[in-house]
Amino acid sequence: MSVENTLHFERQEAYEWPLAVYLLLGGIGGAFISLSFILHYLFNWSQVGNYGMLIGMGLFALAGLVLIFLDLERPLNAIYSLNNIKTSGISWDVVLIALSFGGAFFYVLPFYVSIPALESLRLLFGAIAALAGFLFPVISGGLISAPVSVPLWHTPLLPVLFLINSFGVAFSAVPAMFGPGSEILAFIFNLAVFMANLVILGGFIAFYEHAHNGPVEAQYGFHEMSKKFNFQLGFLVVGLLFPLVLSGYIFFTGNFLSWGFGALALAQLIGGFALRNCLLKHGYQTYPWPY
Amino acid sequence: MARYGMVIDLRTCVGCQACSAACAAENQTPYWSDKWRTRVLDIEKGEYPNTGRHFVPTICMHCEEPACLTICPSQATFRDEKGSILINYDTCLGCKACMAACPYGARYVYDKNDVAKNREIHGALSQHNAVHIDKCTFCFDRVERGMEPACVATCPAKARIFGDLDDPNSEVAKLVASGIAKPLRPDLNTKPKVFYIY
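So the sequence lines, in the order shown, correspond to chains A and B. According to this note's numbering, the first sequence is numbered sequentially starting from 1. According to this note's numbering, the second sequence is numbered sequentially starting from 292.
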């Protein structure tokens with residue numbers, strides 16, 4: 001009998017692919033806004049500050065629409081989603097999206113309209129947007145990882161993995177979109193992101209495989225997930241191996257291919273979706289029946 | 292104020308599913324979609340000749356530290372004054388976070404097909420007129436009228452015992468205090484108010 005058919009492991013039915021899309025788009029949106037603010041502030045790259053923020057806002061808007069119309073059973077009741085900001089991860093997600101989106105809006109506005117009163121507050125709005133954008137993948141990862149019911153998700157490594165992956169896409173996408181001047185910086189960041197990805201994956205494996213009092217339920221989900229073609233091709237090959245090989249090529253040859261960063265961003269985008277979707281799919285609830 | 296809880300005696304449960312049927316009739320749960328507020332699992336264990344068959348009734352544990360309550364963004368999941376965990380159907384978003392958070396699998400989506408089918412069956416008496424996440428309520432409306440929950444009242448084997456955990460003279464309080472009735476996975480720190488004898 002397969003484990004799926006026993007009573008102790010039941011695949012969770014709450015979260016499906018729309019939530020994976022929401023986590024991905026929201027995470028990347030937050031990373032875009034954070035990165036755009038930092039690059040604009042530090043290097044005065046106004047094009048990045050302007051369009052990067054707009055892209056981040058668009059991704060946030062899209063993420064919100066996906067959540068409301070594809071995931072929620074009652075989309076109109078989304079108006080009640082701020083009723084529990086004390087303890088609910090979803091409420092916090094909504095707060096962070098609103099802060100980041102609103103802050104980015106007022107940060108970008110002076111690019112188009114001259115509002116003297118806004119100028120003095122612009123840095124503050126940008127900082128709020130960047131901080132909220134940075135926190136979004138962390139908190140949305142926390143939403144998934146906080147409950148004890150699904151052992152595969154119940155690890156503090158999950159929010160960090162979402163954060164790293166989101167910034168990986170943004171780091172690659174920014175130079176791909178905004179052209180010369182940022183390649184070397186982006187490349188260094190990319191390498192750092194890969195290393196962080198590998199360290200966290202190593203942490204996952206160590207946690208699932210070697211932890212004392214090992215969480216066998218989590219191990220089961222992890223094994224099932226790692227056997228799946230979607231995970232192997234989508235995350236490991238396209239999302240991790242390909243960017244690593246491409247980065248290695250760029251590093252050793254010094255040849256910044258014209259399509260290089262675009263390919264890196266796209267690969268990590270696909271990998272990011274595969275990661276989130278596979279994690280959600282292989283979340284097994286382990287009911288504690290005594291027999 | 293009473294603090295209601297339940298003890299389920301797995302030694303006497305015969306797996307007749309009368310509790311599931313009574314609950315479905317009382318609370319209009321969508322049995323046509325195989326969704327239940329309470330169901331009895333039929334577990335076969337072991338290899339011949341050392342085999343065993345066990346019946347395990349499952350239900351919302353009405354935890355004192357419920358994961359579903361803290362994660363609910365709209366506070367649609369709330370605790371009434373008697374400690375039961377209930378759902379406000381009007382403000383439920385249907386985000387399903389509570390379903391993912393519940394370690395006991397007590398919740399399900401009462402989806403639009405279920406609402407339509409229920410309306411078809413019960414007409415104006417339908418209790419579920421909008422999509423929401425559904426679960427056991429300890430039959431609070433019956434309890435308010437001095438009756439037992441439907442599953443308890445109908446159990447032919449008296450495998451379910453319902454009562455006030457704060458009343459030292461109640462049977463549930465005695466069984467819990469004696470240690471015979473135990474919570475499932477106390478290590479999860481949800482402090483369930485449904486206890487099992489096995």
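What the hints contain is simulated information worked out from the structure, not anything from laboratory work. Just so you know, even glycine gets a beta-carbon here, dropped at the ideal spot from N, CA and C. A hint or two may mislead.
[What the hints assert, rightly or not] Which bits of chain A does chain B cover? Going by a derived footprint, with three or more residues having C-beta under 8 Å, they are: (1) 22-30; (2) 57-64; (3) 77-83.
[What the hints assert, rightly or not] Simulated pairs of lysine-lysine, DSS-like, Cα-Cα distance not exceeding 27 Å: (4) B:LYS482 x A:LYS86; (5) B:LYS326 x A:LYS281; (6) B:LYS373 x B:LYS449; (7) A:LYS281 x A:LYS228; (8) B:LYS403 x A:LYS86; (9) B:LYS326 x B:LYS403; (10) A:LYS281 x A:LYS227; (11) B:LYS465 x B:LYS449; (12) A:LYS281 x B:LYS403.
Run the structure past the numbered hints and jot down the numbers of the failing ones, going up. Violated: hints 1, 2, 8.
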